[in-house]
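A.B. asks: Letter by letter, the chains look like this.
Protein chains: 2
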Amino acid sequence: MNINQLVKDKKLKNDDIVSFTARVRTNRAGKSVGFLVVNDGSTILDLQIVYKDSLKNFAELSQLRISSVININGKILLTPEKEQKLEVQASEIEILSSASLDYPLQKKEHSLEFLREISHLRPRTKTFQSIFKIRSSAAFAIHKFFQEDGFVYVNSPIITENDAEGAGESFIVTTLDNGDYPKDFFGKKACLTVSGQLNAEAYAQAFKKVYTFGPTFRAENSNTSKHAAEFWMIEPEVAFEDLKYNIDLIENMVKYVINYIFEVCKEELEFCDSNLENGLIDKLNLVRNSNFEKITYTEAIKILQDAVKNNHEFEESDIKFGLDLGTEHERFICEKHFKRPIFITDYPKEIKAFYMKLNPDDKTVAATDLLVPGIGELVGGSQREDDFDKLSKRCKDLGIDTDSLSWYNDLRKYGYYKSAGFGLGFERLIMYITGAGNIRDVIPFPRTPKNLLF
Amino acid sequence: MNINQLVKDKKLKNDDIVSFTARVRTNRAGKSVGFLVVNDGSTILDLQIVYKDSLKNFAELSQLRISSVININGKILLTPEKEQKLEVQASEIEILSSASLDYPLQKKEHSLEFLREISHLRPRTKTFQSIFKIRSSAAFAIHKFFQEDGFVYVNSPIITENDAEGAGESFIVTTLDNGDYPKDFFGKKACLTVSGQLNAEAYAQAFKKVYTFGPTFRAENSNTSKHAAEFWMIEPEVAFEDLKYNIDLIENMVKYVINYIFEVCKEELEFCDSNLENGLIDKLNLVRNSNFEKITYTEAIKILQDAVKNNHEFEESDIKFGLDLGTEHERFICEKHFKRPIFITDYPKEIKAFYMKLNPDDKTVAATDLLVPGIGELVGGSQREDDFDKLSKRCKDLGIDTDSLSWYNDLRKYGYYKSAGFGLGFERLIMYITGAGNIRDVIPFPRTPKNLLF
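Line by line, the protein sequences are chains A and B. Each residue of the first sequence is one higher than the one before, counting from 26 in the numbering used here. Each residue of the second sequence is one higher than the one before, counting from 26 in the numbering used here.
Straight-line alpha carbon distances no greater than 25 Å define the calculated DSS-like cross-link-like pairs of lysine-lysine that follow:
id : chain 1 : residue 1 : chain 2 : residue 2
1  : B       : K208      : A       : K475
2  : B       : K169      : A       : K169
3  : B       : K291      : B       : K280
4  : A       : K33       : B       : K169
If you are wondering where the hints come from, they were derived from the structure by calculation, not from laboratory data.
Could you build the full structure based on these sequences and the hints that come with them?
C.D. replies: Take a look at the structure:
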């Protein structure tokens, strides 16, 4: 028996007998009666326990400290007039584990910064119970969405010699401390993956539809609210399909995940709406109920240029073809101009990755970013270059070493017809769905520069 | 439209019009008629395409090479007398991408060793389509099992300063090549995780039921068929529950996953039974239909001693309390003696990890291993030591540095009542379900000593 079952059981009657184990959130004791608020992690909802001095250990119970674990035997008292629809009148309470007095989460409010220092205890708060329940459910929704659509889950390698974007900033994996890579475990320099996409493409040519969902890493020395050294990515890839298919897939996936969270995390979403982002539920309703707009990058530039003419102030106001859109531009387009999620397509090749398919105009690539109100870019995807010669030329033009990539380029020689996919930063999605403002608060044990606890 | 839908559609009639994209497995052309066998990855089942010289590109088609990608328009011809119940008579075939002549997977059989060298292409074979479809479905079954039972999925950290077992052999994560860890990214020495259990325990005290499912790493320099440097682990943890609950959970999970594979991967299992392990399906049926036996370690020692008396030969035949059972002993117990899966419980504390709960006899711990016919140990679990003083003493006795573990031991001070969990090596499970004999064949891009390709 757990609290989630109890609070959601519509058939419970007064005097029904219950027995369960839970943790003490608060304890308020008078002379002859005391009130415990307890939680067992099965839901963020708490349950009030009333205990009276008829219990033989009343004196001990009245001193019971926060976070102690107890077993309660008692009877249901329905309280339909209160916010919590029932409470339990204890007939017996066994103290299973007493928490010590220095338990850091006493009743008062704590800052998110303080809670990060006790990442092993913060999931006991309602805020983090909500965030991590939603994270868990969203992860499952993603697996469910893809599996129901016939996708095969591929575990792309974590240790790799590739650096998908050519962007550097990889962590080195070694068993030595002297950089003598030929003598190292793998006999060469090894890194932590920054993306599983290239591996996923190989598998898409075998299974048609695949997705990865695993950790990725960036050794970027920046302390912002959006960057972590370790985060999870979802990277679907579909063979024989183009950018249009990819765009529909992204829209369907985002809506599916949000709908699933509305279905299974109602209380948690309401808690986040009240405590992390006012208007969160309205924002998510807008996303799941609207048709996502589609415009080209060139059209987006025009919209931004018009905005500048109409005296809208951007930090970067030199708007012209070739500009790598900033968050301010992305948010203007989806929040102010269209007021809903929007796909921008066909970006200049210069600001996108080497593997994206060159459009016939020779200037743009078949890429898309999904922008959503509140944060800007949520998903980035593209159709891949399927022509071996064009891909090789692009690598050469960009100075990309093709030695370790030869297997990837070779895929184009062995029957490769269209392939499209996207990357979704899982933490970015969870921040969006929970309203959490800092990536450190949606990762159980976050890793950032100079921060490696637990 | 994909091949999986076509071959499973019971309503298809002769002359129904179909259109789909697929890859050529074989091409056999006569003077006026040719036969293509094609696959699109949606199933391991192939489809035969008949093309005649009435097609304008017949000459080109008759030269079409293996692995080329084509689009087929044609009509269904039902062939109920053949193994494959239908074929397609092509009215038009468009060649979308021609494979080059040096495509390594020509029609002849290839060794698994050779196929490992082309990990980017081997998923196009039926063997690896079967293995990796089963891997994907088993991963989903695991998520489904735990989510349906109210477990919260926790992403334990990949980069860590902890070494859960104290067993060493961790990979170092660095941005330097000189071992100057105070100046490194995290300001101290960082490793790749060998287990997420300690972190999961912290979350179990908050959510009651949690599980991890992520990559783990061992820098063990051994080239065996069972060891990889990178593999995935599932580590559930449940608060307020004991070893008995844990044992039931393991049995339920193993049966659930196998049942799910029988449900959704029928063709793939049959292929594995015929090509990887004869009797595979019978073996799995035994597991899913039997009640798992339970004996203590002490009883197991007695059984092995009796076997030695009866002249059974073990490589290690000095059987006595304290022996760390080898695979030969485990397999004897479950295959010869009980002929079904078996849990062994209550191992000597000396051969188990520091965090396992000491039994009242002061000699054994509340640990269990699940042994299954065919491989021996599949799962290992335990109830955790919940007494702060006993845990601290155990760390001290074993010389474990408790500085970086203080947060873990401290959990016992802040209300900690029973916690039990287990670890399942995902690849070990996939080897067991598919009959694959080498761990390198159940990991898309395996990582082993001196081997870092793709």
